[in-house]
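Peer 1: Sequence:
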Amino acid sequence: MKLTTKGRYAVTAMLDLALHAAQGPVSLADISARQEISLSYLEQLFSRLRRQKLVVSVRGPGGGYRLSRSADEVFVAEVVDAVSESLDTTRCGNKGDCQNGEKCLTHHLWSDLSDQIHQFLSEISLGDLMRKHEIRQVADRQNRKQSDESADAINTQRLTDQATA
Numbered sequence: 022m023k024l025t026t027k028g029r030y031a032v033t034a035m036l037d038l039a040l041h042a043a044q045g046p047v048s049l050a051d052i053s054a055r056q057e058i059s060l061s062y063l064e065q066l067f068s069r070l071r072r073q074k075l076v077v078s079v080r081g082p083g084g085g086y087r088l089s090r091s092a093d094e095v096f097v098a099e100v101v102d103a104v105s106e107s108l109d110t111t112r113c114g115n116k117g118d119c120q121n122g123e124k125c126l127t128h129h130l131w132s133d134l135s136d137q138i139h140q141f142l143s144e145i146s147l148g149d150l151m152r153k154h155e156i157r158q159v160a161d162r163q164n165r166k167q168s169d170e171s172a173d174a175i176n177t178q179r180l181t182d183q184a185t186a
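Quick note: the sequence shown uses my numbering, first residue 22, plus one each step.
Keep in mind that the hints were calculated from the coordinates and are not lab data.
Hints may be right or wrong, so weigh each one.
As the list claims (entries may be wrong) - Simulated crosslink set (DSS-like; lysine-lysine; CA at most 25 angstroms straight-line):
#1 LYS116 <-> LYS27
#2 LYS166 <-> LYS153
#3 LYS27 <-> LYS153
#4 LYS74 <-> LYS27
To be verified - If you anchor each label on the Cβ, the simulated ranges turn out as follows:
#5 LEU134 <-> GLY45: 34 to 44 angstroms
#6 CYS125 <-> GLN44: 45 to 55 angstroms
#7 ARG90 <-> GLY117: 31 to 41 angstroms
Here the structure is a predicted model, which is why all the values come from computation and not from measurement.
All C-beta atoms in this analysis are idealised placements derived from N, C-alpha and C, irrespective of residue type, glycine included.
Based on the provided sequences and hints, a complete structural model is requested.
Peer 2: Here's what the structure looks like:
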């Protein structure tokens, strides 16, 4: 199976959004900084996520994105599907033309595997992931790093202001 960057980043960004939902709308710039995903790439992904009604945009100061429903009601497979990501493990894109226009010997095996993977991801919600201790640890580390970087930027600005005064 090949899950490309698009699907991985979409799930990562949505999990970040879910983890920070209690603080209000989350900006793509904040997700970008925490997850080290390009802002323009996130904008493309969130455009698709919004069209699939998985997120809602909030305009104005303090705006950003929020989940359209609770994290327990958003499943990983939905996120992957929303960004048009295929979980297909067949060589033929599940068309059945893998061997000179005909199904190959193992077509049904790989097709069944694709179905199993999709089913597995359909049973895991963002809420399930949020409750995992390991994920909380990573999120806490990312938040501390972002906080430290923000404090460093403020201190640098103060020094610059003092030097010009």
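Peer 1: The structure should be examined with respect to each hint, and the outcome stated for every one.
Peer 2: Structure-based check of all given hints:
Among the hinted pairs, LYS116 with LYS27 is consistent with the structure: their alpha-carbon atoms are about 22 angstroms apart, no more than 25 angstroms. As the CA atoms of LYS166 and LYS153 are separated by approximately 20 angstroms, the hinted pair is consistent with the 25 angstroms bound. The suggested pairing of LYS27 with LYS153 holds, with an alpha-carbon distance near 23 angstroms, which does not exceed 25 angstroms. Pair hint LYS74 plus LYS27 holds up; C-alpha atoms about 18 angstroms apart against a cutoff of 25 angstroms.
Against the hinted window of 34 to 44 angstroms, the Cβ-Cβ separation of LEU134 and GLY45 comes to about 41 angstroms, which satisfies the hint. Checked against the hint of 45 to 55 angstroms, the pair CYS125 and GLN44 passes, with Cβ atoms roughly 50 angstroms apart. For ARG90 paired with GLY117, a C-beta distance near 36 angstroms keeps the hint of 31 to 41 angstroms intact.
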